[in-house]
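Listed in order, the protein sequences are those of chains A and B.
Here this note's numbering is used: the first residue of the first sequence is 1401, the next is one more, and so on.
Here this note's numbering is used: the first residue of the second sequence is 20, the next is one more, and so on.
Hints listed in this document are in silico derivations from the structure and should not be mistaken for laboratory results.
Treat each hint with caution, since some may be false.
Stated by the list, open to error - Some chain B residues near chain A, calculated using beta-carbon distances under 7 angstroms: (1) Thr30; (2) Leu81; (3) His437; (4) Ser715.
Ideal Cβ positions, reconstructed from N, Cα and C, are used throughout, including at glycine.
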Amino acid sequence: MNSSSKIIADKWLEGVFEQFEAPLLRYVARFLVRHDLAQDVVQDAFVKLCHQDPDALGTSVGAWLFRVCRNRALDVLKKERRMQPMPTHDDSAIGSASDPAEIAEQCDAARSAVRVLRTLPDRQQEVIRLKIEHGLSYREIGDVLGLTASNVGYILHHSIKALREQLIT
Amino acid sequence: MTFDPSDPRITAYVFGELSAEESVTFEQEMDELAELREAVESTRNVTEQLASELVGEGTPQLSDDRRAQVVQAQVEQANTEKSAVPPIVVGTSRWGWKTAVSFLTLTAAACLLIVTFVQHNKTSRMSGLADANSEDTTVSAGKVEMTDSTAVKEDSEIPESDEESTQVDKRVTSLASGPRPTAEGSPVVSGLSTPPLTTPRPIPAGGNAMYGRDSAIKAALGSVARKSRDGQFGLPNNANGQGEGEGPGMRGDQFDFIFENRFHRPLTSGKSTFSIDVDTASYSKVRMYLMQANSMPRPDAVRIEELVNYFAYAYDPPKGDTPFSSHLSVSDCPWQPTHRLVRVALQGRAIDDDRPASNLVFLIDVSGSMKSANKLSLLKAAMKMLAEQLGENDQVSMVVYAGAAGVVLPTTNGAETHEIVAALERLSAGGSTNGGQGIELAYQMALDSFIPGGVNRVLLCTDGDFNVGTTGTDQLVRLAAERAKNGVQLTVLGFGMGNHNDAMLEQISNRGNGNYAFIDTLNEARKVLVEQMHGTLVTIAKDVKIQVVFNPSTVTAYRLIGYENRVMRTEDFDDDNKDAGEIGAGHRVTALYEVIPTGAESPILSKLPEVDELKYQTRTATGTSDDLLTVYVRYKDPEAEKSKKLTFELHDEGQRFGDMDIDFRFASSVASFGMLLRGSEYAGDSSYDAVLEIASEASGPDKHGYRSEFLQMVEKAKELSDGQ
């Protein structure tokens, strides 16, 4: 890589950082209640990206970042559980009511769709959020969750169908 | 053909995941099956509803140290690939991060100027993400340009590929407009990137128009130029007058831009209208910069009217039923001797010991950012002082918020001081901030224990760094404005420096029928919560607006000093629906105008626009009055919906500055100081020495030492600017 294209790569990294910092933090916050742990996970992912061969990112840098964050968050969650014999609210970390954003949702009657969303199984919620909140394609969601694109399409359709049915009634 | 509700193509079609052929087939089926069309429609509706709800969930950010780590990794990586160049040391020194930030903001500046787009070899990697984002309609200009800028940088370095550019352009724009929350807090930009942005533009007048301006700027800057969040004072003392480190948004705190008021000719705009402001937050902020951080405040942190209004001036109190008295005076202007300086002052009625029963809700931010020594502990001490003032007619409740909001003290009688203090003692910081939710809960508490005819007030104590949930300024402001209609007022107490969102707190308190003070020291807490407790808690008049009409026979041009973000449109003066400032018991308001009298020589005259003649009417001064100006004041009684109007006239008797009362002279020195700090083009002959001379002669008895403290601040500013 010559020096001029290296500068470009740096600008590119900065752009990626700007683009994904907040979405990744919000995403990871659904797994990790502890703010500092979530921050660590996202930081690690960006640091790892800096050292990553750009040609080995797979479908997209977004999918790559979400996948790295997810895997790392799940690792941290496992470790946290081992270290804390007292199972507190961590047991239901995904969709846990300790999540500030979700508490806000619960309090706000206007946010009915999100409230219904919270009643769905974790995996369905996650697919919906990756699709609608974060705008990933089926293939990218598949990358993140280790599923095929058609599998994602199937889960997403059924989750949204469930939402539609509950919202209509 | 039958309708299968489990057909995943329904959802895939809505998300554009079907191939071209599949779409054609699917649309043919839709033509034939009404149920299928309905299913698609309902899927689309649910998706849009979810998207709009999910988008408002805030823009969390990595903490300073973690961001620094990421930047370091980038720099290290760059250096390993350019091994001939010695590595730049980053990490321990904050300069490295700062450089990176400047680089970002430079990019931001560039992208605002250049809107062309060229093919980008890296965008293809991101483009996959872009395809699905079409549902989201909240396009933030900043985001689009951010992505553009990444590409623009490459313009000179990579040969264009025209045939691809259109396509990529579309993709990237759609990527950029993806479902990122528009709630940005207040985006900010460093001094480095301001030049292309501050092309002089007139200040759009009027309360609502102000929001328009703000949001336009925010949208333009978007997430591109972000705050550095480098809140502590780890930087070497960069007390330079104009250079880096002083642009709004550097080093963490967030301020709105201030476009300084200009001179106007009475012949073309004869009326000057503004909302009063008795807040003093900017003064404490400036003091904290100078005295604690040993650095010059950023120009946009300096709101001159808040500096001037910080001091207690001895205006005669009102007589009779009027909630305030007015005091007009004029002399020559110390920094521009051919000009006249006009003081318009209002003095609010004081109340003695018959303070109405008060229902106070302390809404306390206990998020992680409040941990630092100057915040939560100061907050506790301050609120304890207030609690000790309360009696059995009062009631207090306490709500805390961090990641979530909760009640930590149910409604408690004001006489139970120990219980209130104990609840304060128990507070500890940790977690993220969801200010929006806390405000909701606090207002609910206030309404639940509402005292009719009493003081019902939420006291929001925070560093204003809302980063979870309802983060958008507009949303919070709207919330506060809405609740103010129910008779619950708001006091915003800002604590700490570093990530203090001054702009947001000021707006919230303005719209929420409230006041805003910045508490930097225990002394300041005492001033706001003990000495001026009545003024802070008890509103004697609301929506107080001032309109000054200048006489073109005696005035060539005039300029309102300060009040930039309180300027209103002329027609808003008589519009009772337009919100304006409140005045508390014993509060006083001082506004200064610099006036060029007719016939006077002035360096400003050549800069004034000529009077453009109108086709169907003439623009000449008529009338025989030799008054200088007339002041109209509109206000509403605290519970009233209809405003009352007062009128005062001022005639220039040619008084000399040296003969004016000490308060007049002191206030003028404070304004002059503010203009120096702001680097104002209207500062004239001002200098820190001149300010010191006037202020020291006009300090009077200075019982609480506020004026001598001011002198120290001027000394410090002088010292810092000399070292330039």
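Hints versus structure:
The interface hint given for threonine 30 of chain B is met, as the beta carbon of that residue sits about 4 angstroms from the closest beta carbon of chain A, less than 7 angstroms. With its C-beta approaching chain A no nearer than about 6 angstroms, leucine 81 of chain B sits inside the 7 angstroms limit, and its interface hint holds. Against a cut-off of 7 angstroms between C-beta atoms, the interface hint on histidine 437 of chain B is violated, since the closest Cβ of chain A lies about 31 angstroms away. A cut of 7 angstroms between beta carbons decides the hint on serine 715 of chain B: the least distance to chain A is about 49 angstroms, and the hint is violated.
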